[in-house]
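Asks: Below, each chain spelled out in residue letters.
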Amino acid sequence: MNTIKELYAYRQMIFSLVRKDLRGRYKGSALGFLWTFINPLLQLVVYTVVFSFILKTNIERYYLYLFVALIPWIFFSSSITVGAASVVAQKDLIKKIYFPRMVIPISYVTSCFVNMLLCFIVIFAVILVSGAGFNFAALLTLPVIMAVEYLLALGMALLTSAVTVYFRDLEHILSIISMVWMYMTPIMYDKSIVPERLMPIFNLNPMTHIISCYRDVLYYKNMPDLLSLVSATALGVFFLIFGGIVFNKLQRRFAEEL
Amino acid sequence: MNDTAIIVKDVTKSFKVYMDKGAQLKERLLSFRRNRYEKRQVLKGISFTVKKGEAIGLIGRNGCGKSTTLKLLTRIMYPDSGTITMNGRVSSLIELGAGFHPDMSGRENIYTNASIFGLTKKEIDSRIDDIISFSELEKFIDDPVRTYSSGMYMRLAFSVAINVDADILLIDEILAVGDANFQSKCFARLKEIKAQGTTIVIVSHSLGQIEQICDRSIWIYDGLIKAEGVPKEVDLEYLDFMGREMQENTQVSSADMPTEENGRRWGNGHARITKITSYGEDDREKNVFRTGETIRFVIEYSVSKPVEDAIFGIGIFNREGIQCYGTNTRIDRVSEFSLDTSGRAEIVLENVLLLPSEYSFDFAIESGEGIPVDYCRQIYKAEMISNTGDTGISRINHKWSV
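In order, the protein sequences belong to chains A and B. Here the first sequence stands for residues 0 to 257, numbered as in numbering that gives the first Met the number 0. Here the second sequence stands for residues 0 to 401, numbered as in numbering that gives the first Met the number 0.
Mixed in with the good hints there might be a few duds.
SDA-like mimics (lysine to any residue), calculated; alpha carbons at most 20 Å apart, straight line [what the hints assert, rightly or not]:
| # | chain 1 | residue 1 | chain 2 | residue 2 |
| --- | --- | --- | --- | --- |
| 1 | B | LYS38 | A | ARG251 |
| 2 | A | LYS248 | B | ASP79 |
| 3 | B | LYS15 | A | GLN250 |
| 4 | B | LYS184 | B | LYS121 |
| 5 | A | LYS220 | A | ARG60 |
No lab work stands behind these hints: they were computed from the structure.
The following block holds chain B by itself, in its conformation from the complex (with noise of 0.2 Å):
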């Protein structure tokens, strides 16, 4: 009992999705009783615990109940049915910045912030060195905090919730705060915490982020456990499964595709580029890859007007905007062809070594000197996934010795 820092036992979640709700008297009265709702179940009967020191990481696509369960654990939200113990002081890294007051200054608002997560002002006191230092505004802090960049801001948040000293740390999509220094110091600080024993909860679509830190993943599909295992291959059932079954829901959705409309697509149009599939090294059509991984794009076009002298291309984009990658097949000396007919072009990238990130991808077709036929910007989109810590755009292949 007392090396178990959380226990969840079968707990069941419910919310009521209204149709048209009347919370004034006049609607109450006028539909009482006839209030339509339908009842979401969004946990299905969950239980699991966690010893004290460990770390989970929580994971699901979207809408699987996975930030329901960590809602839960904060006790913002209460289970409809079971139960949920925690042993000890629950900080949580949810919402960065709660309560903070854009005329006070830095050092006021840590005060507020931390003031919310249950801090005394002796404790508080005996903080603030390391809350500024770890945020590193010095210079700033007794300025208003209107006055921050977004980025300072978020660093001045993280450094109050980081430096809680909770026994348990409720972290929902973090380590996106910052620029990339910042953010390995944060991790950096979280393997700290970890060591000393604090207990971890981590609801993150990065798998490479969960790897590194936890022990252990628990797959939450459809409001149930689906798996719970070692990271690595409870991560790699999952991936797997995304690939298989939710393609269609992870794909760049219709409305988002480039068009002449948003100005991401533009050319003559006499071939039009019309799908884009992703495959991986066993053939399975999927857009989440590991760094490593040999990706096999397919693009398929149509052709109104046969195109002379064609050429494709491909640009790929992290999710700053910077191209990590651009070629295309006059530059690789492909030898010359046309586009006579509607077909498919394959393109083979081998051991990938792009490192975690959403991607996206450009493709075009181009005709001669680089006449644009149809160049379409964003047009695809994939994640890349690893489990070690490396930092920076692209791995480079490298060896130490010491």
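Here chain A stands alone, though its shape is the one from the complex (with noise of 0.2 Å):
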């Protein structure tokens, strides 16, 4: 409780990291804030290409289907492994001045996840291009799984970041389980063709139901199952509070540590 007002007391400085990283991330280059946009979809070319002229699927607009479970995605998978490198990467902030740590993994989440809206912007233009149309009763639920595809990449982010301090192989190591988490999550295919006796797994993991959220509010202009969204919830909020648990008790010995 006293965490959470110290973190209220220093919005200020959330606020401040997460516009340094904004504006920091691509400066210098010559496309600079375009790279936001240009990677996702240059990232669904690829994936489009694949599935619907290599690796032929009968699923309709596939490059829609897959767009609106990718861009989350990289929003889950960036808070976690480059959110893993966050606490290490603010050493010299860390060993010289108080502030409350997790100030830092909430900052770069958050960055990420301004991201992820600005990618939406694509998403919204790739749905009128393409004609699906919208359900804009459906859509008002999209802030509400935002919120808890938040906390969960949070409470992850806490986790990966705190244990990171001590264990530096762990960024390089999740990375890894990042690859094998994004195929172990229906992003690329449906959940349907999922063998009956792995379906157990896969709901464990919350981004499983997270992804079907979205998908069924952007691509199937559904209200969102409702099962799906009540166990991301809860999982999401699981893992915050782990993850908040964890760093907190792991952050006592930053400083000496980095």
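Using the hints, put the two chains back together into the complex; each one sits in its own frame.
Replies: Right, dumping it as structure tokens:
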């Protein structure tokens, strides 16, 4: 409770770090901020070419099917992989001045989140251009889904960023984990093709639920499946609390370990 | 309870000093449970309380634990055992300019930096004019910080930190910021802050600064509090101790001795200065003196070839490299002498009015019309301290009548 109060007092710091990160990210590159959009678009092109022309799928508008899942996934995976290094990256600050340490992963995840929001502009543009149309009522649930994903990503980032301080290999291990995790989540394929006996594992994966909610709203134009949303929220809250507790325990020795 | 700002109780802290730390998986696995480290206990049980509005100074030699204490107070680190209670908002002048981004303007950096101290946008908005005017950087405030000189950078950083309006202000080795004018301004501001009732904890080597601001000095020695009390008394005790026991540590290390190789020593070498020692009024060997004290230097030399018509010379330079005084036996019309065998010479500087700074000394042997025999630049270092706030290079004895 105290932590939350303190974090609230330091909200301006979170805000400045997010702004600094967003502004600094593409500093000096010719296309600058446009990379925010180019990167996911190019990934979309690659996957679409592979799955529509080489490994032919029978999913209609596959590019859209993939895109509405890929953007949220990129947010999640960059939160845990690059987010893991966030505390280590700010070691100069941590060794020299006091502030609630959680500010760092929070602002990192938030800046990834803002990036995702910007990418959603592209998603909406793609939906418009493709003529797939929107279900406006369902769209209203989108912020809820995003919020749940944010909580989950934050929980994971708290966990990974704190552990990385003590165990630097984690950062590299995580890039492998995130790749495996991506294929273990129905992003490029449909949940329906997952073998029955593997389903329990998929159901434990919070990203399965979150991705399917995004897809319900943006691709199928339905209200999200309530059970999925509730499971995702429960798992998200669990990871947030767990990550928060671990972070709080580990942060006491940050200054010495860095 | 309500009039105490800081309570430190039985605090201990030790660090693991790894011989060879394996942070990688491979190393962890290969040397599982064989990570060799030494536990170094830096604080061995420290307790003190600070009342609201009180200013205390932590003194002690390098590695005694005073900076660790300050870091524990800021909560950068946590104690192994014992408790620390801080009542009120804490600001620290430990790391100035935390989070400065070189490409952002001075104004934007004020916002970033102040936010790290936990200020909200509204609070920063209300202080920004004070901060800018204190820094005297009005003209440059919208330029990127990378275009600033290091002095301007520090001025900006200091201005932010000092305008946080904290209840407790922690300071580590400050007031080396900017030029003398800005320093005295900072000092004045600190006194103002103190007068407003802010609790201040200072860690400094400059006893003079501590004596000017603090109500109480705490001397930490080897992880324990050795003495505590009125700064002037504790500082004297500390200085005596330093003079007696730590001269080896505080003297110029042999690595820093002038040699021909590092270009700080030249001459024909017929006679060589072998050792410089300095003594205070009580004939005790030391190299920290109070402004106004009498200092005696003993110059030991060896002679390999007799030096006719020899001259001894001394030059005193402050931290900025400005020569504060210089003389030699010729200038002072000491009757002609020559050096035939190894021996020692002395110079007594009476009533040295140099103001607090670290001074380096040149000593030289010359002969005839100034032919260098052994010229040693920066062969000796000494520090002056004072508890008055006058500024400049040297005090001039004076009297006011108003």
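Asks: So which of those numbered hints doesn't the model satisfy?
Replies: 4
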